[in-house]
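The hints should help you fit chains B and C onto chain A, whose structure is shown.
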Amino acid sequence: MNREVLLERPAAIFEGLPGPNEFYGQDILAVSQFNRRNLEYLFALAERMRDVVETRGGIDLLRHKVLAAIFYEPSTRTSSSFIAAMERLGGSVIPITQGVQFSSVSKGESLPDTIRTLEQYADVIVLRHPEKGSAAIAAHYAEKPVINAGDGPGEHPTQALLDLFTILEELGTIDGLTVAMVGDLRYGRTVHSLTELLLNYDVRLRFVSPEILRIPLDLMNKVRDAGYDVRETYDVHDVIEEADVLYVTRVQKERFTDLAQYEQVKDYYEITPELLKHAKERMIVMHPLPRVGEISYEVDKDPRAAYFRQVRNGLYIRMALLAAVLCPG
Amino acid sequence: MNREVLLERPAAIFEGLPGPNEFYGQDILAVSQFNRRNLEYLFALAERMRDVVETRGGIDLLRHKVLAAIFYEPSTRTSSSFIAAMERLGGSVIPITQGVQFSSVSKGESLPDTIRTLEQYADVIVLRHPEKGSAAIAAHYAEKPVINAGDGPGEHPTQALLDLFTILEELGTIDGLTVAMVGDLRYGRTVHSLTELLLNYDVRLRFVSPEILRIPLDLMNKVRDAGYDVRETYDVHDVIEEADVLYVTRVQKERFTDLAQYEQVKDYYEITPELLKHAKERMIVMHPLPRVGEISYEVDKDPRAAYFRQVRNGLYIRMALLAAVLCPG
Amino acid sequence: MNREVLLERPAAIFEGLPGPNEFYGQDILAVSQFNRRNLEYLFALAERMRDVVETRGGIDLLRHKVLAAIFYEPSTRTSSSFIAAMERLGGSVIPITQGVQFSSVSKGESLPDTIRTLEQYADVIVLRHPEKGSAAIAAHYAEKPVINAGDGPGEHPTQALLDLFTILEELGTIDGLTVAMVGDLRYGRTVHSLTELLLNYDVRLRFVSPEILRIPLDLMNKVRDAGYDVRETYDVHDVIEEADVLYVTRVQKERFTDLAQYEQVKDYYEITPELLKHAKERMIVMHPLPRVGEISYEVDKDPRAAYFRQVRNGLYIRMALLAAVLCPG
Numbered sequence: 001m002n003r004e005v006l007l008e009r010p011a012a013i014f015e016g017l018p019g020p021n022e023f024y025g026q027d028i029l030a031v032s033q034f035n036r037r038n039l040e041y042l043f044a045l046a047e048r049m050r051d052v053v054e055t056r057g058g059i060d061l062l063r064h065k066v067l068a069a070i071f072y073e074p075s076t077r078t079s080s081s082f083i084a085a086m087e088r089l090g091g092s093v094i095p096i097t098q099g100v101q102f103s104s105v106s107k108g109e110s111l112p113d114t115i116r117t118l119e120q121y122a123d124v125i126v127l128r129h130p131e132k133g134s135a136a137i138a139a140h141y142a143e144k145p146v147i148n149a150g151d152g153p154g155e156h157p158t159q160a161l162l163d164l165f166t167i168l169e170e171l172g173t174i175d176g177l178t179v180a181m182v183g184d185l186r187y188g189r190t191v192h193s194l195t196e197l198l199l200n201y202d203v204r205l206r207f208v209s210p211e212i213l214r215i216p217l218d219l220m221n222k223v224r225d226a227g228y229d230v231r232e233t234y235d236v237h238d239v240i241e242e243a244d245v246l247y248v249t250r251v252q253k254e255r256f257t258d259l260a261q262y263e264q265v266k267d268y269y270e271i272t273p274e275l276l277k278h279a280k281e282r283m284i285v286m287h288p289l290p291r292v293g294e295i296s297y298e299v300d301k302d303p304r305a306a307y308f309r310q311v312r313n314g315l316y317i318r319m320a321l322l323a324a325v326l327c328p329g
Numbered sequence: 001m002n003r004e005v006l007l008e009r010p011a012a013i014f015e016g017l018p019g020p021n022e023f024y025g026q027d028i029l030a031v032s033q034f035n036r037r038n039l040e041y042l043f044a045l046a047e048r049m050r051d052v053v054e055t056r057g058g059i060d061l062l063r064h065k066v067l068a069a070i071f072y073e074p075s076t077r078t079s080s081s082f083i084a085a086m087e088r089l090g091g092s093v094i095p096i097t098q099g100v101q102f103s104s105v106s107k108g109e110s111l112p113d114t115i116r117t118l119e120q121y122a123d124v125i126v127l128r129h130p131e132k133g134s135a136a137i138a139a140h141y142a143e144k145p146v147i148n149a150g151d152g153p154g155e156h157p158t159q160a161l162l163d164l165f166t167i168l169e170e171l172g173t174i175d176g177l178t179v180a181m182v183g184d185l186r187y188g189r190t191v192h193s194l195t196e197l198l199l200n201y202d203v204r205l206r207f208v209s210p211e212i213l214r215i216p217l218d219l220m221n222k223v224r225d226a227g228y229d230v231r232e233t234y235d236v237h238d239v240i241e242e243a244d245v246l247y248v249t250r251v252q253k254e255r256f257t258d259l260a261q262y263e264q265v266k267d268y269y270e271i272t273p274e275l276l277k278h279a280k281e282r283m284i285v286m287h288p289l290p291r292v293g294e295i296s297y298e299v300d301k302d303p304r305a306a307y308f309r310q311v312r313n314g315l316y317i318r319m320a321l322l323a324a325v326l327c328p329g
Numbered sequence: 001m002n003r004e005v006l007l008e009r010p011a012a013i014f015e016g017l018p019g020p021n022e023f024y025g026q027d028i029l030a031v032s033q034f035n036r037r038n039l040e041y042l043f044a045l046a047e048r049m050r051d052v053v054e055t056r057g058g059i060d061l062l063r064h065k066v067l068a069a070i071f072y073e074p075s076t077r078t079s080s081s082f083i084a085a086m087e088r089l090g091g092s093v094i095p096i097t098q099g100v101q102f103s104s105v106s107k108g109e110s111l112p113d114t115i116r117t118l119e120q121y122a123d124v125i126v127l128r129h130p131e132k133g134s135a136a137i138a139a140h141y142a143e144k145p146v147i148n149a150g151d152g153p154g155e156h157p158t159q160a161l162l163d164l165f166t167i168l169e170e171l172g173t174i175d176g177l178t179v180a181m182v183g184d185l186r187y188g189r190t191v192h193s194l195t196e197l198l199l200n201y202d203v204r205l206r207f208v209s210p211e212i213l214r215i216p217l218d219l220m221n222k223v224r225d226a227g228y229d230v231r232e233t234y235d236v237h238d239v240i241e242e243a244d245v246l247y248v249t250r251v252q253k254e255r256f257t258d259l260a261q262y263e264q265v266k267d268y269y270e271i272t273p274e275l276l277k278h279a280k281e282r283m284i285v286m287h288p289l290p291r292v293g294e295i296s297y298e299v300d301k302d303p304r305a306a307y308f309r310q311v312r313n314g315l316y317i318r319m320a321l322l323a324a325v326l327c328p329g
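Protein chains in written order, with the numbering used here: chain A, 1 to 329; chain B, 1 to 329; chain C, 1 to 329.
Chain A on its own, in the form it takes in the complex (with noise of 0.2 Å):
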């Protein structure tokens, strides 16, 4: 994009984008709502936010509009994350992430009231709540667009996006990797949503895991049905060679019954410069964060360690989501 149009005339971002917007007006609720096609069209407006961020820092494409980014549980990374996107692009932001003490919600308010209210002061609603659906029942109630920051064990799309970006950014495609997705496969919400993201493309899927934290039958199912090259394993060593993509995240010792079990299996779960040496040269290490032991600290060096340049991609996704929920293109 040339720098002086964009000063000039801040929606010129949108042009020459591959395919209309599809996202305009809409809500962000699943990962279900995304296409190839759709997800061409928001990496190719991620990757003009990041140049602008580069470049400039920002752009005034969101002026006076305004945001309420609505938190019901404390998610630092993701409320940043997202009061960044909106400001980078000259928008203002309602902080709501207080977390616990919202005193409507203490006096007995409905999440459908309290989001009837909030939209009345904001353009656009970002919504952490901790129960499973919360988002969809606020997009039906809500006029104004709404974008789901995790509705409990439900879905976080931005994350998911955020990863299949990164990948894309990371490794120039996504047609033809291998990805091995490792440790808690059962629970782990952004493994889940990850998969089904992938499924837009031609990958084969490796799933490394404990035996009682093994991705769920149904999307094992889903997968193998879809014909896709798909294999599980116990043991990170089993795949370090071929996968280009290592998706890690933490096996919990809270999930044993059996502490000993635990003891014995996390091992195959760390991931250390010696696992790496196994590892392609060009292949990368990615992690939702936070982390709690299950990547050392001495990859952090290696340049395949993708997790804090994945981090950065979130607010490039997010730009570029805020931005096509709220222009028309």
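No lab work stands behind these hints: they were computed from the structure. Beta carbons are placed, not taken as given, at the ideal position from N, Cα and C, and that holds for glycine. Certain hints may be false.
Unchecked claim - Chain A is faced by these chain B residues, among others (derived, beta-carbon under 7 Å): (1) Gly-57; (2) Gly-58; (3) Thr-76; (4) Arg-77; (5) Ser-81; (6) Ile-83; (7) Glu-87; (8) Leu-177; (9) Thr-178; (10) Pro-290; (11) Ala-305; (12) Phe-308; (13) Val-311; (14) Arg-312.
Stated by the list, open to error - Capping the alpha-carbon separation at 27 Å, the derived lysine-lysine pairs in DSSO-like fashion look like this: (15) B:Lys-253 - B:Lys-266; (16) A:Lys-301 - C:Lys-132; (17) B:Lys-132 - C:Lys-301; (18) A:Lys-132 - A:Lys-222; (19) A:Lys-132 - B:Lys-301; (20) B:Lys-301 - B:Lys-280; (21) A:Lys-266 - A:Lys-301; (22) A:Lys-301 - A:Lys-280; (23) A:Lys-301 - A:Lys-132.
Said to hold, decoys possible - Distance ranges between label pairs, derived from CB positions: (24) C:Thr-55 - A:Pro-153: 52 to 58 Å; (25) C:Leu-259 - B:His-140: 31 to 37 Å; (26) B:Tyr-24 - C:Gly-172: 31 to 37 Å; (27) A:Glu-73 - B:Gly-293: 22 to 28 Å; (28) A:Arg-56 - B:Arg-63: 56 to 62 Å; (29) B:His-140 - C:Glu-241: 30 to 36 Å; (30) C:Leu-7 - B:Gly-16: 23 to 29 Å; (31) A:Glu-281 - C:Asp-225: 53 to 59 Å; (32) A:Glu-47 - B:Arg-63: 27 to 33 Å; (33) B:Pro-112 - A:Pro-153: 46 to 52 Å; (34) A:Arg-214 - B:Gly-293: 34 to 40 Å.
Showing chains B and C alone in chain A's frame:
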């Protein structure tokens, strides 16, 4: 207003308003500061703010101005409304909305010192504090304008102003209307303040409450002495046919020592589609929110349900107040 | 500075300052980073910030820049000051000021990971953390500049800078003055840092404290070895006549094991109108605030009471630091 003019010269928003701007540099502490003349001025400005928000989202009138939003008790609705108002005026906010954990306060700092400290960073202060008279104390010590956002059992003038503005916006006039206040008229701060403001107009007043929650005697006498057509009743059915405005507040179970009594009367104060069948076709149902059952959810679909539009009017009123207090006009 | 020039070209605010901008891209961690040359540069820039705020409220120097304000412990004053500073420079803030409920931290994330995550969204980091050395650790891991906003018993350099700037602004010079520090000189972090900074100037120092709260020996020796005229005393009356600056801090009752001892000495450290009758006509009383009784409220009316102007200078100093760190100058 001409949109291009406002873009070039935001202060043009004050041009042609009825009368001078009496609010410039002033504190906004109590409804007694308002009279028919300056209410008309404020409402005319609020209508322009509504136009600005609806057509362009905001206006750069308070660029580089900073609001310190000091909330000693949480109030998501009110703080969000002021934050959005300041942001849509192009200004910025220092959100001090932690509710409990004021570090300086916990170290024993007095309210005057906290105010005199924070005003060094800001151009205007919005204060919510649980103690009656706190806003007046703050205003006494502050050099910058203070806006009272609720001082416990004291006042909450911006709520009363948005209530009155809503009546005007919804029904086109205030004079000549029959306004019925329903529910807890004894402890309901909003009811008292709105009643005070209505005494600037030619209205009929109906007070509907349980015996133990009747409107305070001194306020009742004030209304009567001023020659108003006023009546008290226990049952909302008595007023539903004549009411142009039904201003509903919550009857809290906790107020009753005898629960049997509560069960006996509570239906008198619940607003249902059934009840509204008896109401005028052109009337409105208002509520300061949050509600907890006193207006059933089915009423929301009724075009006469004005409570969410009422919330939105809070944005316009607060934009008008911030602008009037900070700009000579 | 010419106002029209700054409006068109905000970076002009750096033109003609004494010497180059040594702060660009640097961390601000400790007072030991400062010397007479870069202090003069910073104070000259801070004075321009004061002019900008007084005449126009702010300047669009940091447009599209984002500050991550990370406060692991609440500090309303310091966080508000940094937020206002960033906003008046046209930039934005991610306020992470929840004090206790850092979700990632509660999940066990390390400080380096939190910093490396949040710097992906921001251009500069302001950190308050209860542990000494935490800011240095953050700066070690961060690629973006880190400003120390207090690391427990460690440093709080921006407080010391605003203290020194206040002396300059109030009295027109620092050389030749007699500065008396009063109160808790043992644990008072601000006293130690200000003393360090004063060693860049030609001053006389007076330390007034109870025996158990005397200035640490190593700092006293440092001052003495540098050849300064310095004296310790128990009673503020001993220094009141010669002092140009009375820098007051709180003597906490809790420090005393023998309360009788506390009662005996506490009057030696209370600043009253009575005491100030013995002081010079042109001198100032300073305090880092909050105060709890050590300066009586009657003193506030005395023009020599500089502590609220001191707070305001914090805004200008932090504006200057943010600008200097983020702009080549």
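Against the structure, the hints:
| no. | hint | in the structure |
| --- | --- | --- |
| 1 | Gly-57 | 3 Å, holds |
| 2 | Gly-58 | 3 Å, holds |
| 3 | Thr-76 | 5 Å, holds |
| 4 | Arg-77 | 6 Å, holds |
| 5 | Ser-81 | 6 Å, holds |
| 6 | Ile-83 | 5 Å, holds |
| 7 | Glu-87 | 4 Å, holds |
| 8 | Leu-177 | 24 Å, violated |
| 9 | Thr-178 | 27 Å, violated |
| 10 | Pro-290 | 4 Å, holds |
| 11 | Ala-305 | 11 Å, violated |
| 12 | Phe-308 | 5 Å, holds |
| 13 | Val-311 | 4 Å, holds |
| 14 | Arg-312 | 4 Å, holds |
| 15 | B:Lys-253 - B:Lys-266 | 9 Å, holds |
| 16 | A:Lys-301 - C:Lys-132 | 26 Å, holds |
| 17 | B:Lys-132 - C:Lys-301 | 26 Å, holds |
| 18 | A:Lys-132 - A:Lys-222 | 21 Å, holds |
| 19 | A:Lys-132 - B:Lys-301 | 26 Å, holds |
| 20 | B:Lys-301 - B:Lys-280 | 16 Å, holds |
| 21 | A:Lys-266 - A:Lys-301 | 23 Å, holds |
| 22 | A:Lys-301 - A:Lys-280 | 16 Å, holds |
| 23 | A:Lys-301 - A:Lys-132 | 38 Å, violated |
| 24 | C:Thr-55 - A:Pro-153: 52 to 58 Å | 55 Å, holds |
| 25 | C:Leu-259 - B:His-140: 31 to 37 Å | 35 Å, holds |
| 26 | B:Tyr-24 - C:Gly-172: 31 to 37 Å | 34 Å, holds |
| 27 | A:Glu-73 - B:Gly-293: 22 to 28 Å | 26 Å, holds |
| 28 | A:Arg-56 - B:Arg-63: 56 to 62 Å | 20 Å, violated |
| 29 | B:His-140 - C:Glu-241: 30 to 36 Å | 34 Å, holds |
| 30 | C:Leu-7 - B:Gly-16: 23 to 29 Å | 28 Å, holds |
| 31 | A:Glu-281 - C:Asp-225: 53 to 59 Å | 57 Å, holds |
| 32 | A:Glu-47 - B:Arg-63: 27 to 33 Å | 32 Å, holds |
| 33 | B:Pro-112 - A:Pro-153: 46 to 52 Å | 49 Å, holds |
| 34 | A:Arg-214 - B:Gly-293: 34 to 40 Å | 45 Å, violated |
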